[in-house]
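Chemist: Following the hints, complete the assembly by docking chain B with the ligands onto the known chain A.
Protein chains: 2
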Amino acid sequence: MSFWKSLFNSQPTASATTTSSSLGSQVERDNGSESQIIFSKEKDIDVYELEELCDAVGWSRRPIRKVKKAIQHSFLVISMWEQRGAYRRLIGFSRATSDHAFNATIWDVVVHPEFQGRGLGKELMRQMIKELRSEDISNITLFADPHVVDFYRQLGFRPDPEGIKGMFWYPNSR
Amino acid sequence: MSFWKSLFNSQPTASATTTSSSLGSQVERDNGSESQIIFSKEKDIDVYELEELCDAVGWSRRPIRKVKKAIQHSFLVISMWEQRGAYRRLIGFSRATSDHAFNATIWDVVVHPEFQGRGLGKELMRQMIKELRSEDISNITLFADPHVVDFYRQLGFRPDPEGIKGMFWYPNSR
Ligand SMILES: CC(C)(COP(=O)(O)OP(=O)(O)OC[C@H]1O[C@@H](n2cnc3c(N)ncnc32)[C@H](O)[C@@H]1OP(=O)(O)O)[C@@H](O)C(=O)NCCC(=O)NCCS
Ligand SMILES: CC(C)(COP(=O)(O)OP(=O)(O)OC[C@H]1O[C@@H](n2cnc3c(N)ncnc32)[C@H](O)[C@@H]1OP(=O)(O)O)[C@@H](O)C(=O)NCCC(=O)NCCS
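Protein sequence lines correspond, in order, to chains A and B. Quick note on numbering: my numbering labels position 125 of the first sequence as 125, and the sequence is numbered without any gaps. Quick note on numbering: my numbering labels position 9 of the second sequence as 9, and the sequence is numbered without any gaps.
Chain A on its own, in the form it takes in the complex (with noise of 0.2 Å):
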């Protein structure tokens, strides 16, 4: 159990973010100064902030106008802040789109590096499925890199199930 699990569990009473789009919050003690974490739905995102987490993980710049559109065709999307006294930080992110129906594809998965290997990521997901299982979607797929096919499984993703291939169209190979 991960460091941020533990301080969740033994502080169930934190005082919790309520707006409308929030999705819960933890409590964090570190170095002596209170820190909340926090998931909203809210897809008023600022946008240069999100591409500044994904920069930091090594994904490439995007343009802002096209990022902006994507989120607000997004089916779903969840953002995770830390919240320090006044301060509020996008340490995480997620998105899925859907035909609000059968099927939802999750895309964008990150966690900002100074937060990673915590549980935040796999709790980030976690939020991720729940809303979307309580949207009545039963398909939930993802194309996943490599390096990160272990964190999803740990979460109940298969791979190819029955034989099912993700594929990817290239533009110069037709």
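Accuracy of the hints is not assured; some may be wrong.
Intra- or inter-copy, both count: the list cannot distinguish identical chains.
Claimed, not checked - Cut-off 25 Å, straight-line C-alpha distance, at most; resulting in silico cross-link-like pairs (PhoX-like, lysine-lysine):
#: 1; residue 1: 43; residue 2: 69
#: 2; residue 1: 69; residue 2: 41
#: 3; residue 1: 122; residue 2: 66
#: 4; residue 1: 41; residue 2: 122
#: 5; residue 1: 43; residue 2: 130
#: 6; residue 1: 41; residue 2: 66
#: 7; residue 1: 41; residue 2: 130
#: 8; residue 1: 66; residue 2: 130
#: 9; residue 1: 122; residue 2: 43
Source of the hints: derived by calculation from the structure; they are not laboratory data.
Modeler: What follows is chain B with the ligands alone, placed relative to chain A:
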């Protein structure tokens, strides 16, 4: 080259349906009676007719209400019709979910068994790719059943590029 394709090429000026959502049409002569193959982007599809088509390839029935919702929330829907005089019959279908910016995922690709093997599935997929490209979608993806991986490969799709794995979530695994 298939029978259908050769007739398309020899009759390039064949009367084409010109509704705003029409994508083109082909003329085919079969036993002396004239028929046209028409592609449409119209989302207002008779879902009972669609479920009949899916039934014909052995797919299990789905709740009509959810099928309607899925079509409405798909980014792109292309249907394929055989027109004979005043009679129009749904013979193919495909749709894609998307974030309208970066990614699209193609679902429910189907051609009626009586019309398979004539190049129509290929043409339907080409129309899908063309439309998604024209909307500036750079990442076109799908999940292929094992028996159709080669069908998609022919169209320029690659399985597991750079080791990226298609994954599906299973409720009972966690
Ligand atoms: C992948 C990522 C989201 C994981 O977030 P995280 O907060 O570090 O993950 P967690 O701490 O919740 O890890 C949960 C479990 O997965 C394991 N795990 C974490 N990253 C892993 C990886 N890359 N491969 C395999 N297992 C991994 C952890 O060991 C942990 O296991 P445990 O519960 O047995 O201790 C994060 O590392 C990241 O943002 N990476 C860069 C971006 C990226 O590659 N995203 C995926 C693109 S498809
Ligand atoms: C898969 C499907 C859409 C193909 O449609 P189609 O109209 O029969 O395909 P086409 O005639 O355009 O075939 C184009 C090419 O793909 C090949 N092909 C067709 N079906 C194939 C298959 N199942 N596996 C491998 N190659 C296939 C054809 O031989 C043809 O090759 P050629 O150009 O060298 O002659 C159709 O067979 C179908 O609806 N199947 C049932 C539903 C299904 O399985 N859908 C996919 C779910 S992931």
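Chemist: Could you run down the list of hints and mark each one as holding or not?
Modeler: Cross-check of the supplied hints:
no. : hint     : result
1   : 43 - 69  : both (11 Å within a copy, 22 Å between copies)
2   : 69 - 41  : both (16 Å within a copy, 22 Å between copies)
3   : 122 - 66 : neither (27 Å within a copy, 30 Å between copies)
4   : 41 - 122 : within (17 Å within a copy, 39 Å between copies)
5   : 43 - 130 : within (18 Å within a copy, 30 Å between copies)
6   : 41 - 66  : both (19 Å within a copy, 24 Å between copies)
7   : 41 - 130 : within (12 Å within a copy, 33 Å between copies)
8   : 66 - 130 : between (27 Å within a copy, 20 Å between copies)
9   : 122 - 43 : within (21 Å within a copy, 37 Å between copies)
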